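Generate the whole structure from the sequences, applying the supplied hints.
Here the protein sequences come in this chain order: A and B.
The first sequence lines up with residues 85 to 251 when you count with this note's numbering.
The second sequence lines up with residues 47 to 414 when you count with this note's numbering.
Hint data in this document are derived by calculation from the structure and do not stem from the laboratory.
Here the structure is a predicted model, which means the values were calculated and not measured.
Treat the hints loosely; a few may be bogus.
Unchecked claim - With a straight-line Cα cutoff of 25 Å, these simulated DMTMM-like cross-link-like pairs (lysine to aspartate or glutamate) come out:
| # | chain 1 | residue 1 | chain 2 | residue 2 |
| --- | --- | --- | --- | --- |
| 1 | A | Lys-123 | B | Glu-221 |
| 2 | B | Lys-215 | A | Glu-122 |
| 3 | B | Lys-240 | A | Glu-122 |
| 4 | B | Lys-207 | A | Glu-130 |
| 5 | A | Lys-196 | A | Glu-185 |
| 6 | A | Lys-123 | B | Asp-208 |
| 7 | B | Lys-212 | A | Glu-185 |
| 8 | B | Lys-239 | A | Glu-130 |
| 9 | A | Lys-123 | B | Glu-138 |
| 10 | A | Lys-111 | B | Glu-221 |
| 11 | B | Lys-207 | A | Glu-185 |
| 12 | B | Lys-203 | A | Glu-122 |
| 13 | A | Lys-111 | B | Asp-208 |
| 14 | A | Lys-111 | B | Asp-307 |
| 15 | B | Lys-239 | A | Glu-185 |
As the list claims (entries may be wrong) - Chain B stretches covered by chain A per the calculated footprint, using a threshold of three residues with CB under 8 Å from any CB of chain A:
| # | stretch |
| --- | --- |
| 16 | 174 to 182 |
| 17 | 196 to 209 |
| 18 | 259 to 270 |
| 19 | 277 to 286 |
| 20 | 383 to 396 |
Stated by the list, open to error - Far from chain A, some chain B residues (derived; all Cβ distances over 12 Å):
| # | residue |
| --- | --- |
| 21 | Asp-95 |
| 22 | Lys-242 |
| 23 | Asp-307 |
| 24 | Phe-380 |
| 25 | Leu-402 |
C-beta atoms are modelled at their ideal positions from N, C-alpha and C, and glycine is treated no differently.
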Amino acid sequence: MDLFLPESGLVIWMLIAFLIVFVILAKAGWPMIMGAVEKRNAHISESLLAADEANKALAGIEQKKQETMAAAQAEQIRIMKESQELKAQVVEEAKLEARKEAEKIVADARLKIEKEQAEAMAQIKNEVIALSVDIAEKLLQRELSDKPSQSAYIEQLLKNNHPQIQA
Amino acid sequence: MKNVLKHSILFLFLALLTLAPSRGFAQDEEQPKKEKFDAKSFIFGHTGDSYCFHITEIHEHPVCVWLPVIVKCKDGGGWHCFSSKHVCELKEGETFSHKGANFFIEPISADKYPGKLVEVKADGGISRPFDISFTKNAFGIFLVCAFLLAFFLPAAKKYKKDPMAKPTKYQGLVEWLTYTVLDGIIRPNIPEKKVKKFAPYLLTVFFFIFFANLFGLIPFFPFSANVTGNLSITVVLALLTYFFVNVFGNKHYWKDILWPDVPIFLKAFPLMPIIELISTITKPFALMVRLFANILAGHIVIMVLMALIFIIGGMYGAGMGGVMSIVSIFMTIFMTVLELLVAYIQAYVFTILSSLFIGMAQHEPEHE
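Following this line, the structure appears as structure tokens:
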């Protein structure tokens, strides 16, 4: 039965030793361990939350970037289209201008030709006149000798060669 | 598996062969009668407390760590403090005289004060002095306590220095151990707001019991003291639990004990309050006995298996003793592995019941 009776000496030693260890661990042991672990847990969950938010923000930025890029692309296409149109317009205008110029040149040339023709006609008229005068002179010189025949001859000449002058 | 069995049988056979000649000798020669193997002293000497820490014996000369004996004699003899060497080495019938008082240790087979230091009174009778000797178990307690401090304090210091630093492997182990108990045992039983208040006690109790159990299983110095298999230790642990349950118990808990919700005639004549008060004592009492009995039983079974070798050897000769030793060793290995499990289970059970009782005394009713 001795086994089932607590021994006073051992009880005292146990009480002293256990209480000392309990007090030391309760003051300087467990709270530090638990505190640090809980602090770290909190830190980790905060960090995870922050990372999540950062990820979300990043996704937003990515989307913005994509949007900007799409806009830029659209702008580029628009600008290119515009320039194409401008180019076509310019070419069209140039063509129009060229045509006008060409027409003008052609018209000028025609005018000039007409003028020259008129001049040439005038010159020819003059020469005809001179020739006529010459002929008349020669005829006059001959007429002095043979008047009727000479007149008939002039008539004949005029009739044959220059019907227009006859009037 | 088959191979292992074949080898074991072969081994047993060879063991028998080697022992055969010695048996022959034993029969031929008239061996001087050795003292009979005393199983009771052997078993209780190893599972009980002791004034010295017996390590081994060399040439029948004991190698011991002599622990101090501190006693106060009852009849005004005052305090005595001496090395246990003087009393442990006494032959039967001898006494050790110190400052006018005579002491000796009763043998374990004695009816009264077995294995304890007693004082010889003037009339020749014996009396037990007030004994606060630093015994083997006291040594065991201090070893466990020192280990707890040495194991947990450096980690706590590291945490205090830099709580956010990456924990080392050692800190990881400490964290794992602490949180296994905290999340597995304490949190489910104690209201979350009170966890910080009671966790230190419950954690200390768990690790004290757990390491004391483990140290008790290591069969050599400075371990092997059967700390938790001693009622003096478990009674202190149970008293502390009783203290934490009842001193910190809230109003509701005390109302349930002293004025429970039962018909008035049951509590006016204070039947229920008395039953309830007794129940507050039986709970820690059960804790105390459960831990003590489980650990002591495990140690006794192992010691019985060892004693069987000598009992069988004494009855049927050294040959059978040799065979028995092989059986015993296998059984002892099995028991030791089982005891490893028990070491954890008992620490777990003590802590979970303590936290349950403490938690029940903290419980706030949800209605009202």
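| In ascending order, which of the hints set out earlier in this document are inconsistent with the structure? | Per hint list: 7, 9, 11, 14, 15, 18, 20, 21 and 22 violated.
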